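In order, the protein sequences belong to chains A and B.
Under full-length UniProt numbering, think of the first position of the first sequence as 1, with each following residue one higher.
Under full-length UniProt numbering, think of the first position of the second sequence as 1, with each following residue one higher.
Rather than coming from a laboratory, the hints here were simulated on the basis of the structure.
All the pointers check out, no bait thrown in.
Residues of chain A placed beyond 10 Å of chain B at every Cβ, according to the derived structure:
(1) G6
(2) D47
(3) E168
(4) T183
(5) P185
(6) L235
(7) R237
(8) S249
(9) F319
(10) H330
(11) T361
Under 10 Å between C-beta atoms, here's a sample of chain B residues computed to sit facing chain A:
(12) P179
(13) G213
(14) S237
(15) H241
(16) P247
(17) R265
(18) L297
Computed from a predicted structure; not experimentally measured.
Virtual Cβ for every residue (Gly too), placed ideally from N, Cα, C.
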Amino acid sequence: MSSLSGRTAVAGIGATEFSKESGRSELQLAAEAVFAALDDAGLSPSDVDGMVTYTQDSNDEIAVAREVGIGDLSFFSRVHYGGGAACGTVLHAAMAVATGAAEVVVCYRAFNERSGRRFGQPNARLSGEPSSQGLEMSWHVPYGLITPAAWVAMFARRYMHQYGVTSEDFGRVAVAMRRHASTNPAAWFYGRPITLAEHQASKWIVDPLHLLDCCQESDGAVALVVTAAERARDLRRSPAVIAAAAQGSGSGQMMMTSYYRDDMSGLPEMGVVGRKLWEKSGLSPSEIQTAIIYDHFTPFVLNQLEELGFCGHGEAKDFIQNGGIEIDGHLPVNPHGGQLGEAYIHGMNGIAEAVRQIRGTAVNQVAGVQNVLVTAGTGVPTSGLILSQG
Amino acid sequence: MTELRDHLMALADKAVAAGDGPRHPAPHPVNAIMTSHWTEAMGDRNPAYTGQDAVAPPAMIQVWSMEGLSRDPAKEFRRAMDDVFDALDQSGYTGVVATNCEHTYHRYLSMGEELTSSTRMLDMVGPKRTALGEGYFVTWNVTWFSGDEPVAEMMFRLLKFQPLRPVEKVKREPYPLTPAVNGDTRFFWDGVRQGELRIQKCGACGELRHPPGPVCPSCRSAERTHIVAGGTGTVYSYVVHHHPAVPGRETPFVVAVVELPEGVRMVGNIVQYPIEDVYVGMPVRVTYQEMDDELTLPMWVPIQEAV
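Construct the entire structure; sequences and hints are all you get.
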């Protein structure tokens, strides 16, 4: 069977502004981002024949197609599990292109996550229906374990206990992301870096997580255009070649509450993704110049560095010391400021940043970028991506 | 109505007029064993109540004339006011609640003193409307004697009332965070309602599993049973929820992953304990909390380590 590696590329990226109140519908945001991505690629809506989004997106593919003027679609698909879908949308698009199911696929994510339905607020309906997920939530929601911060905090406490990690270690991630965002005009926290002391002084959300351990809530949309690498080379922009893309779910997997596995101090689903990415791309961690690590909550950045093999288990706290993941560190992570600093667009804005880093057009450009690793939402079944020059 | 009142009042007047009743001997003399039990139960460590020249705690006075649990009907004595109580019961004033009790002690009692007691009805007032229902307040006095010397007195008042017709049980505000339940999970929720913490057990291979599911992942059997957990565990991880507000909950509150000695983990709240003292590895035991008329949740309280 032929490999997917190198056969497809991200040819265009587009986004709306990132805000706390977009003032327009989610469908309009989606349409704007798709237009921007197509313009960026130098393609027209009539070139698009495939669309992929998240199961959580409220805009149907056909609705976006109608707004944008996309005609016939021969491929449409949705990826499940919240923000874990991000890189999965690119995997689905790449597979469709590589197999001839479609030629130009648009991936998009659009929401008013701050001015509309906020994921950070308790939603008693999570355990309302006896679906498999509703039943899963029913072991947690009745006890008030109902917000993403709380679900992650439970993992974080165990991780701290097991490896001697401290809240200040989590704080170093927040400081790095806010430092990067402070020089990114598109970031909500542009011009607003923080200190470790400010992190420590910020209020408890769910102990052991402070406010500054939690990503923001944002309104906005991001879209990507995926097509054959060969075709992408003839388009307006230099292509970001998809060296590898993978989804991952681990044994005993749940949505945010995989507390029943033997070991609660890791993210085995990201281990699955990492192994696939290295195997399919033929690359190793030392060949990654910058990484986009999903940062809805700081602790899981540490877990991901470990699961992906950038360091050993329990070693991430040392890996991030002394600005290790800052723009001038040994592995710059989220040069755009991540979801803690730029915006929370469910990981899709991170993929766009990876494309800019490959193109050499990022505001906080890392020198000599050949390969960028991107991850998607954690604590849930997830996905990952390696984009390369070419 | 007036007729009934007149009848009851006449009986009361008669009982009051009867004055002091006969002196009944206490079943046991004032003694060290009873004193020791009483002070232990009350947590009273006054040294005056132990040793060679011990005296009895004055508040124990009523204990000395108590009959014990297995009363001998032949030895039962009737007080003048018992006619009043019988009439009240027969007239529907079946409810009883004590409202006042005042002791007066004339001196300390020494071990070995033999007491008698005598009862005198003081008055009856009513009928009065009360929150419990319409009723009569009956007041009497008991005097304890050592020989002929009065050593203590008690004024006691109670309300005999007609219980209001039992009101429809007030429905509690429904707890907003309800679990979804189906045939695969109902046994667990039925269990907690009965004060049992149930763990699914495979009917074929015996494997324990929580959270439960319809098919045993070890042997594919859909035959399900359960065991009742011993009810202890240790905190494997925990969080303290501060923000945002959670419906049905007061913040901050603690949620923990508890590891059970049976080999499974469960999520639940740690309650009745200072939040800042919770730690990973803390031993806990299960308790149950009714959240509303339908839902009971298992909760965890610390097992206090020996000091």
